[in-house]
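Just so you know, the protein sequences line up as chains G and L, in that order.
Be aware that the first sequence starts at 1, since it is given in this note's numbering, and climbs by one per residue.
Be aware that the second sequence starts at 1, since it is given in this note's numbering, and climbs by one per residue.
Since the hints were made in silico from the structure, they are not lab data.
Remember, predicted model here, so these are calculated numbers, not experimental data.
We treat Cβ as the ideally placed atom computed from N, Cα and C, and that holds for glycine.
Treat each hint with caution, since some may be false.
To be verified - Computed from the model, here is a short list of chain L residues facing chain G with C-beta under 7 Å:
1) Tyr8
2) Ala11
3) Leu30
4) Thr32
5) Ile38
6) Ile39
7) Leu45
8) Asn46
9) Leu48
10) Val78
11) Asn85
12) Val86
13) Phe87
14) Leu98
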Amino acid sequence: MEIPLLVQPLVILFSTAVLTPLIDIVGKQAKAEKIRDIFAIAGFLAAFYSLMNLYWAISSTGPQTYILGTFGVPAGGVQLTADLLSVYMALIFCGIGLLVAIYSVRYMEVDSGLDKYYALLLTLVAGMIGVAFSGDFFNLYVFWEIMCISSYTLVSFRKYRWEPVEAGFKYLVMSTVGSLLALYAISLLYGFTGTVNLKQLSTMVSSGQISASPLSLYFTIGMIITGFGVTASMVPLHTWLPDAHPAAPSSISAMLSGVVIKTGVYAICRSLFTIFSPASFDYGTVLMIFGILTMTVANLMALMQRDIKRLLAYSSIVNIGYILTGVGIGAYALSHYSSSPKLATPIAIFALMGAMFHILNHAIGKGLLFLCSGCFVHEAKTRDIPELEGIGRKMTWTGTSLSIGLLALAGVPPLSGFWSKLFIILAGFSLPEDSFMKSISILVVFNSIFAASYYLWLMQRIMLKEPKPKIAGAVEAPASMLLPIVILAALTVAIGIWPGGIISLAESAGRALLGG
Amino acid sequence: MVEPWQLYVAAASAAIIIGIYGVASKRNMLKTIIGIEIITSSIGLNFLALGSRGEIADPLAQSMVVVSMAIGACVAAVALSIMINVFRHYGSLDLRKLRRLRW
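Use the sequences and the hints to build the structure in full.
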């Protein structure tokens with residue numbers, strides 16, 4: 001029996017996750033423990049390959065759907081759908097997962113229980129890809145919880161220390177309550193319409209054949225934004241992130257900051273844009289205001305940090321703010337200028353393209369920064385920035401890659417972060433007579449200048465200061481840890497210099513979000 | 001005329017608020033986890049009430065509830081295992097003792 005192309009990545013990742021502990025038992029008896037790491041990496045590679053195949057199939061023949069099971073006509077059944085946005089997100093998730101798995105071979109070798117580590121890493125990526133492929137809320141919720149449970153466990157993986165356990169519990173409580181609020185929104189939508197299928201919900205809500213008042217629909221929108229916003233770490237729901245991301249092993253921090261929080265943004269965008277047409281529901285304003293709030297608060301908090309991973313965690317919240325603002329500008333333009341779609345649609349697509357492009361850039365950049373900080377922690381055994389001063393001189397490759405990542409996130413041309421920030425800001429300025437949108441863009445500009453200041457400050461501390469005697473013995477990280485770092489740094493530079501291909505990819509993802 | 005399912009929906013929303021109150025105000029970790037479980041169950045009740053409005057109960061709502069119960073059990077298992085580890089480190093389940101992380 002041939003497995004459909006759409007289900008292949010999920011099947012590969014889940015079966016690799018199940019088989020990894022068994023391979024580990026075999027490997028321990030054959031005195032070749034690394035076989036489990038290689039097996040997990042092979043699983044990621046196979047999933048990435050099948051995702052590439054899926055991407056080619058979708059870009060030539062259009063979105064694909066696969067129905068897993070059905071409850072009859074009104075309910076819709078459990079279905080997987082993939083359009084260009086889904087496969088774009090899935091490629092980012094799987095690519096970062098692959099690099100993190102390669103990095104973990106040496107970084108995690110001092111820990112025990114690595115069969116469980118790789119199994120959880122595989123289910124984490126599989127859950128995220130499942131969220132991206134969901135065509136209805138039923139399996140969106142199931143895959144969402146697979147992703148969340150794996151990440152709780154991975155955050156508190158080093159359970160013999162106090163910090164991961166404490167941060168893991170905080171993360172678990174906040175994120176679970178958030179997911180449950182989203183589930184409550186799903187149950188309300190089910191009550192209004194009798195279905196959980198996204199396409200059917202969309203037609204029923206837009207044709208107005210449901211018994212719900214606009215107020216209750218706005219309540220549902222609020223629940224969706226709050227519920228998924230906890231994982232996306234919107235301010236004021238962000239307080240778990242600066243604890244959980246530094247407490248996790250650095251490879252997992254790269255996963256969490258790079259891609260898991262993007263899943264929250266994806267879920268917000270997908271459910272809102274698909275079900276509630278932005279032309280008739282004004283949630284863009286809320287998203288813009290929360291985006292600005294998120295980046296401002298996180299910028300101020302980031303300045304006060306002494307811990308390198310905490311600083312990077314706060315900078316992740318800042319970047320979520322950019323993405324939310326970009327999405328919000330798109331929805332705002334569509335809802336406030338719905339009388340002239342010829343004017344509003346290009347602006348919305350431009351803003352969404354900027355947001356999608358920034359998702360990719362931030363995934364690469366923040367993955368790079370967390371992996372570099374993991375190398376420093378691995379060598380110097382400390383996360384304190386004053387103690388890490390000058391370590392970039394001892395570890396040239398890591399230090400240079402860290403500088404490239406910091407400059408890219410600061411938005412220095414011609415690195416990748418420059419383009420996406422430019423698109424989001426330009427989209428805000430595209431309607432000069434709209435003073436609200438213009439003031440939002442001005443705030444984005446101020447915030448990104450402000451963020452650049454502490455990126456450069458960190459770079460100066462790490463790269464230019466004289467090394468302290470305590471870290472004089474630091475040597476360059478092993479090659480298998482450097483490989484993912486160098487790949488990510490090269491990607492940052494390459495996307496910055498030749499952004500054309502990725503821009504058209506991000507644009508088609510943005511178009512897919514608007515339904516075509 | 002109040003239909004029976006409306007009473008169940010009202011009861012479910014009340015129970016959700018009770019659960020959130022439990023999560024937000026209780027200092028004992030076990031009580032926090034119980035609060036999460038209350039929210040999970042009351043959302044299940046909401047689904048079942050909304051799915052039983054017609055002549056026959058909707059199988060979609062029931063399967064959704066069964067799956068969400070299974071997921072709730074998984075979350076509770078992870079939460080309890082983290083709780084055991086917290087007890088090993090601190091010798092207490094009091095959340096006020098878990099204040100070593102700064103904001």
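Checked hints:
1. Given the 7 Å rule on beta carbons, the hint for L:Tyr8 is violated: about 11 Å separates it from the nearest Cβ of chain G.
2. About 14 Å separates the beta-carbon of L:Ala11 from the nearest beta-carbon of chain G, more than 7 Å, and the hint is not met.
3. Checking L:Leu30 against chain G by beta carbon gives a least distance of about 12 Å; that is not within 7 Å, so the hint is violated.
4. With its C-beta approaching chain G no nearer than about 6 Å, L:Thr32 sits inside the 7 Å limit, and its interface hint holds.
5. A distance limit of 7 Å between C-beta atoms decides the matter here; for L:Ile38 the minimum to chain G is near 10 Å, and the interface restraint is violated.
6. Taking 7 Å as the C-beta contact cut-off toward chain G, the hint placing L:Ile39 at the interface holds, the least distance being around 5 Å.
7. The restraint placing L:Leu45 at the interface with chain G is violated, with a minimum CB-CB distance near 9 Å, outside the 7 Å limit.
8. A least Cβ separation of about 5 Å between L:Asn46 and chain G falls short of the 7 Å threshold, and the interface hint therefore holds.
9. A least Cβ separation of about 9 Å between L:Leu48 and chain G goes past the 7 Å threshold, and the interface hint is therefore violated.
10. This hint holds: L:Val78 has a C-beta 5 Å from the nearest C-beta of chain G, less than the 7 Å allowed.
11. Nearest Cβ of chain G to the Cβ of L:Asn85: about 5 Å, under the 7 Å cut. The hint holds.
12. Annotation: L:Val86 was flagged as interfacial toward chain G, and the flag holds, the nearest CB pair being 5 Å apart, inside 7 Å.
13. Interface hint status for L:Phe87: violated, as the beta-carbon distance to the closest one in chain G is roughly 10 Å, over 7 Å.
14. Interface restraint check for L:Leu98: the shortest CB-CB distance to chain G comes to about 5 Å, inside 7 Å, so the restraint holds.
Hints 1, 2, 3, 5, 7, 9 and 13 from the earlier list are contradicted by this structure; the remaining hints agree with it.
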